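K.L.:
Spelled out, the chains give:
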Amino acid sequence: MASLPPDFQQLKQDQLTPFLHDEIAVPDELQANVLITTVDKIYNWSRRSSMWPLLFGLACCAIEMIATAASRYDLARFGMEVMRPSPRQSDLMIVSGTVTKKMVPAIVRIYNQMAEPRYVLSMGACATGGGPFKEGYNVVSGIDKYIPVDVYVPGCPPTPEALIYGLLKMHEKVDRQSVTSVPWYRKDTSQFVPVPRLGPDVFDPRQVDLIKDTTLKAAAATTAAAANGASAGATEHARGPAQLSDKAIARMEEAKRRWREKKGLPE
Amino acid sequence: MSQATVVAEAPADELDLGPELADAVEGAWAEDTEKTYVIAPDRILDVLRHLRDVQGYDFLSNLTCVDYKGYGGKLRADVDARLEIVYNLYNTRRGGGSIGLHVRVPEDETVPSATSLYAGANLQEREVYDLFGVKFEGHPNLRRILLWDGFNGHPMRKDWQEAYFEEDVKPFRSRHPKGEYAFHEDKIPWAKNTTYPAGWDPDSWQEPVAYVPVSQAPHHENEPHLDTESIVVNLGPHHPSTHGVFRMLTRVEGETILALEPEMGYLHRNHEKIGERNTWLMNMPFTDRLDYLNSMSNNWSYALAVEKLAGIEVPERAEYLRVIMAEFTRIVNHTWSIGFILNDLGALQTPALYAIEEREMILDLFEAVSGARMMCNYMRFGGVVRDLPEGWHEQAAYLANERLPRALDELDTLLTENEILKARGRGVGYLPVEDLIALSVSGPMIRAGGLAYDIRKAEPYGIYDRFDFDVPTLPNSDIYDRYYIRLLEAMESVRILQQALRDIPEGETLGGRGGYTLRAPEGEVYSRIEAPKGELGFYLASDGKVAPWRYHVRSPSYINLNALGPMSIGYKVADAIVILGAIDIVLGEVDR
Amino acid sequence: MFGTGLLKGLGVTLKHALDTFDDDRESVPDRYRGSLDLGNNRRVIKQPIDQEGLLTIQYPEEKRLLPERFRYIPMLIWDSEKDEDRCTACGICAKVCPPQCIWIVRDSDEDGKPLTRASEFYIDAAVCMSCSFCVEFCPFDAIKMNHDYELAVYDRYPQLVYDMAELTVPLEYYAALWPTQFEEEETRRREEEEKKRRQEEEKAARLAAKQAEAAEKPADAPAAPKRSAAELQQLARERAAQRQAQAADGGSSEDDAAAAKKTRMEELKRKAQERARQRKLESGE
Chain G
61 MASLPPDFQQ LKQDQLTPFL HDEIAVPDEL QANVLITTVD KIYNWSRRSS MWPLLFGLAC
121 CAIEMIATAA SRYDLARFGM EVMRPSPRQS DLMIVSGTVT KKMVPAIVRI YNQMAEPRYV
181 LSMGACATGG GPFKEGYNVV SGIDKYIPVD VYVPGCPPTP EALIYGLLKM HEKVDRQSVT
241 SVPWYRKDTS QFVPVPRLGP DVFDPRQVDL IKDTTLKAAA ATTAAAANGA SAGATEHARG
301 PAQLSDKAIA RMEEAKRRWR EKKGLPE
Chain S
351 MSQATVVAEA PADELDLGPE LADAVEGAWA EDTEKTYVIA PDRILDVLRH LRDVQGYDFL
411 SNLTCVDYKG YGGKLRADVD ARLEIVYNLY NTRRGGGSIG LHVRVPEDET VPSATSLYAG
471 ANLQEREVYD LFGVKFEGHP NLRRILLWDG FNGHPMRKDW QEAYFEEDVK PFRSRHPKGE
531 YAFHEDKIPW AKNTTYPAGW DPDSWQEPVA YVPVSQAPHH ENEPHLDTES IVVNLGPHHP
591 STHGVFRMLT RVEGETILAL EPEMGYLHRN HEKIGERNTW LMNMPFTDRL DYLNSMSNNW
651 SYALAVEKLA GIEVPERAEY LRVIMAEFTR IVNHTWSIGF ILNDLGALQT PALYAIEERE
711 MILDLFEAVS GARMMCNYMR FGGVVRDLPE GWHEQAAYLA NERLPRALDE LDTLLTENEI
771 LKARGRGVGY LPVEDLIALS VSGPMIRAGG LAYDIRKAEP YGIYDRFDFD VPTLPNSDIY
831 DRYYIRLLEA MESVRILQQA LRDIPEGETL GGRGGYTLRA PEGEVYSRIE APKGELGFYL
891 ASDGKVAPWR YHVRSPSYIN LNALGPMSIG YKVADAIVIL GAIDIVLGEV DR
Chain Y
621 MFGTGLLKGL GVTLKHALDT FDDDRESVPD RYRGSLDLGN NRRVIKQPID QEGLLTIQYP
681 EEKRLLPERF RYIPMLIWDS EKDEDRCTAC GICAKVCPPQ CIWIVRDSDE DGKPLTRASE
741 FYIDAAVCMS CSFCVEFCPF DAIKMNHDYE LAVYDRYPQL VYDMAELTVP LEYYAALWPT
801 QFEEEETRRR EEEEKKRRQE EEKAARLAAK QAEAAEKPAD APAAPKRSAA ELQQLARERA
861 AQRQAQAADG GSSEDDAAAA KKTRMEELKR KAQERARQRK LESGE
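Chains as they are written, first to last, in my numbering: chain G, 61 to 327; chain S, 351 to 942; chain Y, 621 to 905.
I should point out that these hints are in silico values taken from the structure, not numbers from a laboratory. Every value quoted in this text rests on a predicted model; they were computed, and no experiment measured them. Every residue, glycine too, gets a C-beta built ideally from N, C-alpha and C. Do not rely on the hints blindly, as some may be mistaken.
[As the list claims (entries may be wrong)] Some chain S residues near chain G, calculated using beta-carbon distances under 7 Å: (1) W540; (2) N543; (3) W555; (4) Y616; (5) R619; (6) R667; (7) I706.
[Said to hold, decoys possible] Quick list of in silico lysine-lysine cross-link-like pairs, BS3-like style, CA-CA up to 30 Å: (8) S:K528 - S:K385; (9) S:K922 - Y:K628; (10) S:K528 - G:K205; (11) S:K385 - G:K277; (12) S:K424 - S:K385; (13) Y:K635 - Y:K683; (14) S:K658 - S:K385; (15) G:K205 - S:K508; (16) S:K424 - S:K508; (17) Y:K733 - S:K528; (18) S:K385 - S:K537; (19) Y:K666 - Y:K683; (20) G:K272 - S:K508; (21) S:K508 - G:K277; (22) Y:K830 - Y:K666; (23) G:K233 - Y:K628; (24) S:K895 - S:K424; (25) Y:K815 - Y:K830; (26) S:K895 - S:K922; (27) S:K419 - S:K537; (28) Y:K683 - Y:K891; (29) Y:K702 - Y:K815; (30) S:K895 - S:K528; (31) G:K277 - G:K205; (32) S:K528 - Y:K702; (33) G:K233 - G:K205; (34) S:K508 - S:K419; (35) G:K101 - Y:K830; (36) G:K233 - Y:K891; (37) G:K272 - G:K205; (38) G:K272 - S:K537; (39) G:K101 - G:K247; (40) G:K101 - G:K233.
The following block holds chain G by itself, in its conformation from the complex (with noise of 0.2 Å):
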């Protein structure tokens, strides 16, 4: 990577926030070590001097990637020209467009077969968080509900700049793991995800319980009501259960306490 401009790398150092890798803590006589230190500066430029995009378009988010490694903005500078179509040679992947239903199946097993050490980025609204089309009946409202992301970068498209910049927050990323503390050299830290399911509607193995509760708590209910006489609506069944389950509705709680915490509002 070309060298920054000292005052570029500190404009947004305070967007910085410890991210997913660092929850294992660095063992404290390894701490002060000064031979890690320099495996680690050795370690990190290596790696992201040459990292390899996956090959992976969906939208339109997609031709403004090509765009990017095209002659304009070039990624060749970053080393990243080689856009691998196998993920079992690719670093990064870049979401780059809206994730359907459909595909999110296809795209999580691309995600489980990528090597360690492997990031996602997830490029432009959609992915981020299903972008305008998040209210649709086919659509995942963001990425990261399935796999984790890295790096998020905002817009509809992102322009090339846009996504350059959210690489190099990447490499940020990558400067400061730690070979010592990295998950994938240890046992049981790097985990595949379950491969989400498609049923009647898309549904990740993880929550099937949470499903099942509320899905069966319902028919009872809708017979329950059959049982009175009453008329079951027709739009509970294409909605889904009308009563929130009691996680949900700590879920919630716990959003709006969190929003008020931002606001700096009283609880």
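Guided by the hints, dock chains S and Y onto chain G, whose structure is given.
P.N.:
Quick look at chains S and Y alone, frame taken from chain G:
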């Protein structure tokens, strides 16, 4: 070279069906707008056959369905039938406007399939079956197409609601003035955009058996030891040469393709469902994201449809600006497409990079005028949103007069005489033009087959009748011609651009009404333009409210894929990649 | 002869390579013709239209010169002269927003009477489609499109939901980003104000004439006491003072917020100056 005499003519005023079929017509729909006839469901095939064979309406452009449950308009107050199938037919030899037919779907939700008469009805009928649940009797392969087998319900029906459903029509009341800010996710137990029927048990769920195309490997009479077993090869949805998230299921014997089934829906973004919730104007930026390489022509097509429905006038200067933008877009699309056909042939990077260079120059112009490189959102009902910025016209004129002709010539010298391109392209993917018409294929594909059918000439819209340009045709209907026709069309676009940039008058750019409070009068309209990829049409139905009752996109990429299977049979797998590339699809428009 | 097409193609690529190399070489020592030094070694590149190929923009050291109409994510305008937000919480932007990504809470006083200003304003950048309808239909020129695209973050929630503090920029920033449009708007506003002032003067003159007339007649049925303009102004001043007092009592968190906003505004003003300089250089070229 050209088989057609292309003269714009008005279609027959009355549906002249003759005495035998007089009883098939049940009435007319919405006299005020375009004239459409309601046909009895059991006679529809007879009527279609008559129109095709006697009157020459050989092109089934649009086939869709409308759900009238809860319809608020007056025109249909006395009709009980809920679902109606809509057909729009055109005459490719004579040109001119469409004949619109409606069929009211009977109680058992089954209508006869039109595939026996128009092979192009195949994908469109499957889409209607998938999204509305109407069954087509006699369809050879009636499966879900955009969603997957096992999906709960038919989402385009008016009473089907998604998990994040908030209100029937935007704007949602929660946004202002209370601003009850909450992620939709927080309202749903599993925090995802999914719904499950009550009583459904995910533990015992079994996915339906995956579909594979069936075809028999050839039997060798005299040499039975040559008989082989065919295998199914799956390409996509993640594959570097499928131009996005497209999937092809092929059955091959050796490397020869015996059967090929396109499988789509991996980018089905529910444009139509969202579009029925949006107000008329809100759909404009959504059209940008249909064919995301050509947002300007998508804008134009939608604006034309609404203008036709609501009777909005467009000022002179805006008409010129629309032509300029649409033709720049055509050049962008065609150069991009040429670059990527070559990419599929194995000429990695160089032609594509050359194409992108010119694209970037044009995109700079789009960005200067509209503010965005790809999602321009530039047109409005009754004109365009802003006039040109300072210095734009000079740059565009330089581009159209100097740089683009030079660049297209360069591409021509680089590629046209190339022996590899000829060897790989000549005779590959051949399909006679009659078949292409029957398959509802439009755009450069059909002109590469020798039929000079271009909507800009056949049914002129905007101000295309003022420009001097040709409709190039090529005779061979193979990959090489499909490559070369795009280059020729881009050169014609340059000609139109030069004239438009020379003649553009000063004046207003946006007509009076057509803002965000637009209420289109009750009625329906089908309007189409010659988009770079083919015929892009919008079928709109209005019940007089702020939002469209039905918003259907007849996308060229999707319907041109009808031809992919028939075109690929007998060629090698490597050729199928290029055949797909030469159809020139964009997945945003295929799956919508 | 077989192979001539291939050779011709190779000739084209060679010529293209040499031509574009020549373009680059010509631009030395500035490296690129039409590039402007922004300080900090960051240059702004403007693609000359009459070149053979296309210049590579070495982002992040260089940036492309964005056209004035460039749109990315909306921003809210803080009128520095009047020291207030231009937004009146009318909600038109939230109504026209196609993906409905704008949330507005209208402010109200202690009695619950709605005020013409927003207390909260959110834009979800993970939903926004950059269509610029909010800008187009805002009657108060209070929401505009920002050119800042360096927005990538490590966490979507809540960093990509921009609140009012993050969205608000000073008027100078907007003026530097959108100079032509800003000038047009200012002219229009001045004209309108002039017209309004004249109308008010006329009205006042009429009122005075009427009052003089009324004074001549004995008041037989006194109308409901209406507040005069002066009284209303006095009331507004009192309320403003009240608000300030409240803010002062609000404790350290409010102070911090105000200080943060001040720093942010200063930062943005600095950026705006940079931008204006860049524009000036460009026009000078």
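K.L.:
Please go over all the hints and tell whether each is borne out by the structure.
P.N.:
We went through each hint and held it up to the structure:
The beta carbon of S:W540 is positioned within 7 Å of a beta carbon in chain G (closest approach about 5 Å), and the interface hint is therefore held. With its C-beta approaching chain G no nearer than about 5 Å, S:N543 sits inside the 7 Å limit, and its interface hint holds. Proximity of S:W555 to chain G holds as hinted, the smallest CB-CB distance being about 5 Å (cut-off 7 Å). Taking 7 Å as the C-beta contact cut-off toward chain G, the hint placing S:Y616 at the interface holds, the least distance being around 4 Å.
Hint status for S:R619: holds, given a least beta-carbon distance of 5 Å to chain G, under 7 Å. Checking S:R667 against chain G: minimum C-beta separation of about 29 Å lies over 7 Å; hint violated. Evaluation of the S:I706 hint against chain G yields a held restraint, the C-beta minimum of about 4 Å falling below 7 Å. The suggested pairing of S:K528 with S:K385 is violated, with an alpha-carbon distance near 46 Å, which exceeds 30 Å.
With a C-alpha separation of about 29 Å, the suggested pairing of S:K922 with Y:K628 holds against the 30 Å cut-off. The suggested pairing of S:K528 with G:K205 holds, with an alpha-carbon distance near 28 Å, which does not exceed 30 Å. Taking the CA atoms of S:K385 and G:K277, the gap is near 52 Å; set against the 30 Å cutoff, the hint is violated. Taken as a hint, the S:K424 and S:K385 pair is honoured in the structure, with Cα atoms around 17 Å apart against an allowance of 30 Å.
A hinted pair counts as satisfied when its Cα atoms are at most 30 Å apart, and Y:K635 with Y:K683 qualifies at roughly 28 Å. As the CA atoms of S:K658 and S:K385 are separated by approximately 13 Å, the hinted pair is consistent with the 30 Å bound. Restraint check for G:K205 and S:K508: the C-alpha separation of about 28 Å stays at or below 30 Å, so the hint holds. Between S:K424 and S:K508, the direct Cα distance comes to roughly 18 Å. Compliance with the 30 Å bound is thereby established for this hinted pair.
Taking the CA atoms of Y:K733 and S:K528, the gap is about 13 Å. The hint holds against a cut of 30 Å. Only pairs whose Cα atoms come within 30 Å are accepted, and S:K385 paired with S:K537 is rejected, the gap being roughly 46 Å. A hinted pair counts as satisfied when its Cα atoms are at most 30 Å apart, and Y:K666 with Y:K683 qualifies at roughly 9 Å. Proximity of G:K272 to S:K508 is assessed by CA-CA distance (about 27 Å); at most 30 Å being required, the pair is judged to hold.
Our distance criterion of 30 Å between C-alpha atoms is met by S:K508 and G:K277, whose separation comes to about 27 Å. A threshold of 30 Å between alpha carbons decides the hint, and for Y:K830 with Y:K666 the separation of about 63 Å lies outside it, so the pair is violated. About 47 Å separates the Cα atoms of G:K233 and Y:K628, which puts this hinted pair outside 30 Å; it is violated. Restraint check for S:K895 and S:K424: the C-alpha separation of about 12 Å stays at or below 30 Å, so the hint holds.
Note on Y:K815 and Y:K830: the hinted pairing holds, with a Cα-Cα distance of about 22 Å set against a maximum of 30 Å. Taken as a hint, the S:K895 and S:K922 pair is broken in the structure, with Cα atoms around 52 Å apart against an allowance of 30 Å. Taken as a hint, the S:K419 and S:K537 pair is honoured in the structure, with Cα atoms around 28 Å apart against an allowance of 30 Å. The suggested pairing of Y:K683 with Y:K891 holds, with an alpha-carbon distance near 14 Å, which does not exceed 30 Å.
With a C-alpha separation of about 20 Å, the suggested pairing of Y:K702 with Y:K815 holds against the 30 Å cut-off. The suggested pairing of S:K895 with S:K528 holds, with an alpha-carbon distance near 25 Å, which does not exceed 30 Å. Pair hint G:K277 plus G:K205 holds up; C-alpha atoms about 25 Å apart against a cutoff of 30 Å. This hinted pair checks out: S:K528 and Y:K702 have alpha carbons roughly 26 Å apart, not beyond 30 Å.
Between G:K233 and G:K205, the direct Cα distance comes to roughly 21 Å. Compliance with the 30 Å bound is thereby established for this hinted pair. With a CA separation close to 6 Å, the supplied pair S:K508 and S:K419 stays within the 30 Å bound. With a C-alpha separation of about 84 Å, the suggested pairing of G:K101 with Y:K830 is violated against the 30 Å cut-off. Under the criterion of a C-alpha separation no larger than 30 Å, the hint pairing G:K233 with Y:K891 is consistent with the structure, at around 26 Å.
A C-alpha spacing of about 19 Å is found between G:K272 and G:K205, which places the hinted pair at or below 30 Å, so the restraint holds. The hinted pair formed by G:K272 and S:K537 meets the criterion: a straight-line CA distance of about 17 Å does not exceed 30 Å. For the suggested pair G:K101 and G:K247, the alpha carbons sit about 23 Å apart, so the restraint of at most 30 Å is met. At roughly 13 Å between alpha-carbon atoms, G:K101 and G:K233 fall within 30 Å of each other, so this suggested pair holds.
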